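Listed in order, the protein sequences are those of chains E and S. One point on numbering: in this note's numbering, the residue at position 195 of the first sequence is 195, and numbering is uninterrupted. One point on numbering: in this note's numbering, the residue at position 346 of the second sequence is 643, and numbering is uninterrupted.
Keep in mind the hints are simulated off the structure, nothing from the lab. Only a predicted model underlies this, so the values are computations on that prediction, with no experimental measurement involved. The C-beta atom is built at its ideal place from N, Cα and C for all residues, glycine as well. Just so you know, not all the hints are guaranteed correct.
[To be verified] Facing chain S, a subset of chain E residues (Cβ under 7 Å, in silico):
hint, residue
1, V65
2, R90
3, F155
4, L187
Chain by chain, the residues run as shown.
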Amino acid sequence: MGELTMNETTWAAGSAAIRVDGLSRCYGDIRALDAVDLTLDRGITGLLGPNGAGKTTLLSILATVNEPDAGNVSIFGLNPKDQAERVQIRRRLGFLPQELGYHRHFTVAGFLDYVAILKEIVDHRRRAEEVARVLAAVGMERFGRRRIRSLSGGFRQRLAIAQALLGSPQLLILDEPTAGLDTEQRLRFRELLSNLPDDPVIVLSTHQVDDIAAICPKVVVVLDGRIPFTGTPAALADTAAGHVWTAEQRDPRARMSWRDGENRWRHIGEHRPADYQSATPTLEDGYLLLSHAARTR
Amino acid sequence: MTPRPARARATLRLAQIEAALLTRSILVLAGLVVSGILVWFSTYRGQPLWWNDAWVIGYGQTVISLTVLIAAQLATARVRRDGLAELYKSFPSSVGRRTLAHLIGVLGAALGCLVLIGAATSVFELRDAVGTPDLTVLTGGVVLVLAGGAIGVAIGTRFPHPLAGVLGAFVWFIPFSQSNRFNSAIVWLFPWVKPPQLSQLPGPLSGYPPALAHTVELAAIAALAGTVALAISADARRPRVALLGGAAAALAAIVVACAVQLQPIPTRDLDHLVGEAANTGSAQHCATPAATPASVRYCLYPGFGSRLSSLQGPVNAVLAQIPDQRTRTLTISQTSGLTLDDPTLTHGHSPQQVTAWTTQLANAPANLPSSSAIYVNLGTWPAQGQANVRFDLALATADWAVGLPTNVGARTSLQSNRCMPLEQARDAIAIWLTSQATHAKLTLLRNTTRSVSGYMPVQVDGVTVLAWVYPGQDATVVTLGTQTTAAGYLLATAMATLPTQRVAAVLAAGWDTWTSGLATGTQLAAALGITMPAVPTGLVGPGGRTITPQPGTVPSQPQCPT
C-alpha cells in the first residue's frame, strides 16, 4: 500500500509484529485492561474471553481507534501515539468492530467503493478490482447492486468482513466476525482466513471456541483485563489435563457438568473422584477451567 | 507514505461521491421543485425585469438553501448515526478529510441551483425579459445555497441527531421570515430579502440591493461555517489553530461586507432614479409611429423599446374604428409606482432631501389628471392574463377617443377620484369600441355581472348607481381613468348584437355629438333602433338574491364633465 518507513524496515529485520507493554485502560471505575503485555506475530491469533473481559478494548487500541491510559503499543515498529505513524498503521489495517452499523441507502458495491477510497485506494480500476475481489471472497459477487438495507443479517456480516479485507491489509483485526453467520459460512470464513495471501497478522476475537481450535495456531485468553494465558490451543487444552472426567451420575463436586453425546456426564473440576473415568480435555475445557479459576481467585 | 496528491485525490473522489449523493437527495430535489414554484409564482403575473427577477431567483433558492442544510447535516452525521464511527476512525482518511470532502460535496447542490437558474432564465427570455441578468446577483443565490450546505456540515460534525439539521434550518430560516420586522437598511444583512421597490425601478439601481457586498457576506458565512466544521473535526492542535485563524478572517470579511451594505445609495443615483420615475427630462424614449387615424406618442423607458408593438396592437385596433383624430395627440407612457417610504432606498439621506424627492414624484405627470395620456404601470405589460390587460388598455384608448378622462392623476384614493359618465352615450361607445377592438364577447362578460363582484354601487351627486367592474380592471396595468357604468355596459352589450357596420355608420354620422357628453344612452339606443336596457336596481348576489346597498357604505364618485 506504500513505501516502507525506517521503523518498518527495522521491524522487518526481526522482532514481533505487534508488541504491547503494560497496557492499561479504564472506563471510570472499571479497569478494562490492567497492565497487559502481549506480543503477536504473523498468522492467526485467537482471542478468547467472556463478555466484559477487555477483548474489545484491546482490539480497539490495536486498531488505533482507542487510546490507552498507560503502556506502549508498537505495530510493525510504528507508534500509534504519533499521528503520522498512526496513519501509517491504518494504511495497513483491516478492522471489523464488534457492532457494526450500515448505511441504509448505500448499495453493497457503493459502500465497499466508499470504504476503498477511505483506505486511499485512489486508482479507479484498482478499486473496482478490489471491490470485486472481496465480494467474491465472501460469496457476494451477485449482490453488488443490492441496497444494504435489503440484506439479511448474515449477508450484512459478510459485507462487514469484506470491507475489512479491502486493500489486503497486513494487520486484520476481527471482533466477533462469525456472529450471525450460519455453519457453512463459518466454515467458508475459516477457509477465507486460512488462504489470505502474504501471511498477514490476524487477531480474531470470538466466542466460537471451535473457530479458534480450527484455525488459530495461537490463542490468547483475556480475563478481567488481564492475560492469564498465551500459547497454542493444544497447550490451553492441556491445562485441563486430569481435571476432566466422565461418569454415569452427576458429580456435585465438579465445577461444571453436562451430558455428552453418549449420555454420560462430563465433569470439569479440581476434585476428581476416585472412580472417575478420565477424559481427553478440549480447548473449551481448558478455557472454562481457566476462566473459573480467575473468577474464584 | 501515500503521496499528498494521492490523498488529495482520495478526498476529491469522496467529495464527488458526496456531491452526487447530495444532488440525488430527495430533500434537495424537493427543495429545487419548491424553489422553482416559488420563483414562478413570484414572477408570472408581471413583466419579466431582470434587475428584479434575478433577485427573485435568489429568493426562491432560500428553500434549496434550507433543504441543502438539512441534507448536508444528515450526510455529515451519517457515519455516527449509522453506528460506523469506530470503523471509520480506523481508516487512514481522517475525520477532517471526510469533513473537507463533505464541504466540497456541497458544491453538488450548486448544480441544482444552475438547473433552476437555467430554467428560470429560459422562461424569462421566452417571455422577453427586459435587461440582462446580473451575474453577481445570480451568484449570490448560489452562494446562499452553499452557505446553507456549509452550515449543515458544521452542524453535522458536532450534532449527529437528524433533528439537529431541521433545527439548524429553522434557525437559518428565522432571518428570512423576520426581515419584515426591520424597516431599515439592516435587512440587507439578512441572508436574503425581496426588496419591495425592485419591480418598480425603470432599470437596475446600483446598491439596491447591494448585491456584491451581500454575495461576499454569504461567501464569508459559508467560509466561516466551513472552517468551524474543519476545526471541530481536526485531530491535531496546529491545524485547529490555523483554522480558527481562517474563521477569524471570515468573520472580518462578514463585518466589512455588512458595513458596505449599510452604506447609503449615492445621492446622484437616487436623483437619477427619482427623475426617471417622475418621468422628467429625457428619462423616456418617445416615438410617434405614423399611419394611425390619430397621433399617438409612445414613451418608454430605455430597454423597453421591444414592447412598443405589443402596446400598439390594442391601441390601433380601437383607433381604426373612429373618425380621423389627427388633430389630437394621445400619449401612452410608462410610469413607475416607485415610493420613497422604503428606508432601504433612502437611508442615510436627510429628511429634507427625501421630502424633496417625494414632492418631485408627486408632481410627476402620471400623478396629474389628464384626458390625453394613458399611463402603463412599469412591469405589468405584457403580463399574465393578457386578454384582460389588453382589454384594459383598449378601454383606456376608447375613453380617450370619446373624450373621457384617461387618468385621475392621484396616487391615493384613486377609486373615489374616478369620474362616472352617468347618462352619457360615450360610456357605452367606449365599451363597444373596446369589445370590437379586442374581440371580447361582452355577452360572456355578462356572467360576471350576475355576481356581486360584477357590479359595484357608487354614489354620484347623492344618487346610488351601479358601476360595471370589468375583468381586467384589477390588473392595474393602466393607471385609473374613467369608471364604466352598468348602464353603459348593458347598452354596449345590446349594441354588440347589432351589425357592426350599422353601429359604425350611426356613430360616424354624429361622432362629435355622441362623444360630447351631452348625448344620452337612451338617445343613442333610439338612433340605433333599440330599446335602452333596464339597469338593475340592486346587486344580484349568488343564488339570485338581491342585495340592496346600505346608505353610508357606498363610496362617492364625481360625474364626468361634459
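Regarding the hint that R90(E) lies at the interface with chain S, is the smallest CB-CB distance below 7 Å?
4 Å, holds
Against chain S, is F155(E) within 7 Å by beta-carbon distance?
17 Å, violated
Holds or violated: is the Cβ of L187(E) closer than 7 Å to a Cβ in chain S?
25 Å, violated
Using the nearest Cβ pair, does V65(E) come within less than 7 Å of chain S?
Holds, about 4 Å.
In this structure, the hints that do not hold are numbers 3 and 4, in rising order.
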